[in-house]
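Engineer: So the protein lines, in turn, are chains W and R. Quick note on numbering: the working numbering labels position 45 of the first sequence as 46, and the sequence is numbered without any gaps. Quick note on numbering: the working numbering labels position 272 of the second sequence as 383, and the sequence is numbered without any gaps.
Warning: the hint list may mix true and false statements.
[Claimed, not checked] Computed, partial: chain R to chain W, Cβ under 8 Å:
1) Tyr118
2) Lys273
3) Ala274
4) Ser280
5) Asn281
6) Tyr283
7) Val287
8) Val288
[To be verified] Just the calculated beta-carbon pair ranges, DEER-fashion:
9) W:Ala191 - R:Leu375: 56 to 62 Å
10) W:Ala198 - R:Ile383: 55 to 61 Å
11) W:Arg168 - R:Ala256: 38 to 44 Å
12) W:Pro152 - R:Gln385: 41 to 47 Å
13) R:Leu261 - W:Pro152: 33 to 39 Å
14) R:Ala180 - W:Ala129: 51 to 57 Å
Hint data in this document are derived by calculation from the structure and do not stem from the laboratory. Ideal placement from N, C-alpha and C gives every residue a C-beta, glycine not left out.
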Amino acid sequence: MLTVTGLSRSFGGVYAVRDVSLSVADGEVCGVIGPNGAGKSTLFNLITGHLTADRGEISFGGRRVERLAPHRRARLGMSIVFQAARVFHGMTVRENVMVGMHGRTRAGFVAAALRLPRHRSDEREIAAEAEHAIDRVGLAEWADRPADRLPIGQQRALQLARALCARPRLLLLDEPASGLRAEERERLAALVEELRAGGLTILLVEHDVAFVTRLADRVTVLDLGQVIADGPPAEVRADPLVRAAYLGQAS
Amino acid sequence: MSAFLTYLLNGLAVGCAIALIASGLVVIHRVTGVVNFAQGTFAVVAGLCVSSLLGLGLPHGVSELAAVAVAALAGLLAGVAAVGRRGTTPLSSLIVTLGVGVLAYAVEIVLWGDQPRSAPGLAGSLSLAGARIQTQHLLVIAVTAATFALLALFFGRTYLGKALTACASNPYAARVVGIDVRRMGLLAFALGGLLGGLAGVLVTPLRPISFDTDVTLIVNGFAAAVFGALTRPVVTLVGALLLGVAETMAAGYGYGSHQLEVALGLMIVVMIVQASRRSALSQEVT
Chain W
2 MLTVTGLSRS FGGVYAVRDV SLSVADGEVC GVIGPNGAGK STLFNLITGH LTADRGEISF
62 GGRRVERLAP HRRARLGMSI VFQAARVFHG MTVRENVMVG MHGRTRAGFV AAALRLPRHR
122 SDEREIAAEA EHAIDRVGLA EWADRPADRL PIGQQRALQL ARALCARPRL LLLDEPASGL
182 RAEERERLAA LVEELRAGGL TILLVEHDVA FVTRLADRVT VLDLGQVIAD GPPAEVRADP
242 LVRAAYLGQA S
Chain R
112 MSAFLTYLLN GLAVGCAIAL IASGLVVIHR VTGVVNFAQG TFAVVAGLCV SSLLGLGLPH
172 GVSELAAVAV AALAGLLAGV AAVGRRGTTP LSSLIVTLGV GVLAYAVEIV LWGDQPRSAP
232 GLAGSLSLAG ARIQTQHLLV IAVTAATFAL LALFFGRTYL GKALTACASN PYAARVVGID
292 VRRMGLLAFA LGGLLGGLAG VLVTPLRPIS FDTDVTLIVN GFAAAVFGAL TRPVVTLVGA
352 LLLGVAETMA AGYGYGSHQL EVALGLMIVV MIVQASRRSA LSQEVT
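Starting from the given sequences, assemble the full structure and let the hints guide the process.
Structural biologist: Structure below.
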């Protein structure tokens, strides 16, 4: 599904990501972990297209995408949930989710302005699917509230609903568990497991090792911008290099 | 009393023309976050075009539509200059639109000279409860009403309108959900050009237009748009109507040379009120 090869990006001569390779197979939940400053966010932004790589290749579904703009990658089937609350202000939860289906509507500008039948049927379809996604992430009772007033945990759930509505081939989650309370974290984990059971491919970038090792089939560990370990969670956890990176012990 | 009614009706028509200029500003700002200072230019280009096309003997209707299309194209070109490069900040784009406006002066003077031009519109006038109103004024009011109804419906009710609004609200997230923010920005500029062109075509028969008329148009339009916080079409319409009536009253009762000052004064008052309200709000939050 996703293959990253020899990806590098430096800021002012310092490598944030250096020669990173990883791959995510169809239907797999892959975790990327690493201590603060390991280059997780940079890697995430390179994959989504919000940063461009100095070197390296990214292929997604058999297609080279490292030169594509973020919205083009989104339309190819990458859906993203950010750590920060990236919701549209001045719109309700429902409207926010509906905008997530942008890439899938067919009716154009004129059809929308004149409310032609084709556009109307598009909107009905979108509304129904938005409803379903909102239910799924547990935001039903908030659906008609302004999105920007929601607490952080629910804003993230909203982003997840928005991402799911795009019918992604790959779901990218950036630090999804950070700032969540214990029960919100539980609910998120349950939802990720449910999505995996449904066959969705997921890339999870996360600081919280326990959260990732519980959910991921495979884990890649970054430290100082480089991959230091890669494999099943249990194996990676036992790796002395990983322990050293997290605990700061020079071995 | 009939003089008052005449001023009121004429004022509403003037306000409608202002509202059309302001609506372009609102559309562009709502989608791109850019204050487009070239908005008056679109109206001037359309006005000059329509005078030339009618002068060449083209029929009414065709000339007006062609002029509006040229204005929409001008809008698109201004958009390419202002938001065509990804990562241009709204503030840089604002400066670019100022530059586009100045560049347009040169083009307009080369093509049309620096003398004011006019164009025939709908002739005649109607009598309404003792007040006289020109037919052209009625046309302005009708077109504006239809335009605003469509805009309000489009941004408020349709999903594509929401997608356009999403671009300004959070461009980052808009890209993530697959919205081509740049293309939407260009679309907004073309729409802004079209609205400006509509205003120009409607206003030219009422008062001659020359290359530098855009200053008057943009000051009035901006005042009205600020009233609607540069995002709300309906409030903008109300602001524009108030402004049009206030100016016409001022002119009618003998302060004809102070029309622009009325607009500027109103704009400053609105901005001060809004600024103080906003700071009160942010204090609440922190």
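Engineer: Taking the hints in turn, state whether each one holds.
Structural biologist: Checked hints:
Against a cut-off of 8 Å between C-beta atoms, the interface hint on Tyr118 of chain R is violated, since the closest Cβ of chain W lies about 35 Å away. For Lys273 of chain R, the interface hint holds, since its Cβ comes within 8 Å of a Cβ in chain W; the closest pair sits about 6 Å apart. For Ala274 of chain R, the suggested interface contact is upheld, since its CB lies about 5 Å from the closest CB of chain W, less than 8 Å. Checking Ser280 of chain R against chain W: minimum C-beta separation of about 4 Å stays under 8 Å; hint holds.
At about 5 Å, the closest approach between the beta carbon of Asn281 of chain R and any beta carbon in chain W falls short of 8 Å, and the interface hint on this residue holds. With a least beta-carbon distance of about 6 Å to chain W, the hint placing Tyr283 of chain R at the interface is held under the 8 Å criterion. A distance limit of 8 Å between C-beta atoms decides the matter here; for Val287 of chain R the minimum to chain W is near 5 Å, and the interface restraint holds. Below 8 Å, beta-carbon pairs count as interface contacts, and Val288 of chain R has one with chain W at about 5 Å; its hint therefore holds.
Distance hint check: the CB atoms of Ala191 of chain W and Leu375 of chain R are about 60 Å apart, consistent with the given range 56 to 62 Å. The hint said 55 to 61 Å for the Cβ distance between Ala198 of chain W and Ile383 of chain R, and at roughly 58 Å that hint holds. The given range of 38 to 44 Å is respected by Arg168 of chain W and Ala256 of chain R, whose C-beta atoms sit roughly 41 Å from each other. Taking 41 to 47 Å as the suggested C-beta distance range, the pair Pro152 of chain W and Gln385 of chain R does not conform, at roughly 29 Å.
For Leu261 of chain R and Pro152 of chain W, the hinted distance range of 33 to 39 Å is satisfied, since their beta carbons lie about 37 Å from each other. Distance hint for Ala180 of chain R and Ala129 of chain W: a CB-CB separation of about 39 Å, inconsistent with the stated range 51 to 57 Å.
In this structure, the earlier hints numbered 1, 12, 14 are contradicted, and the remaining ones agree with it.
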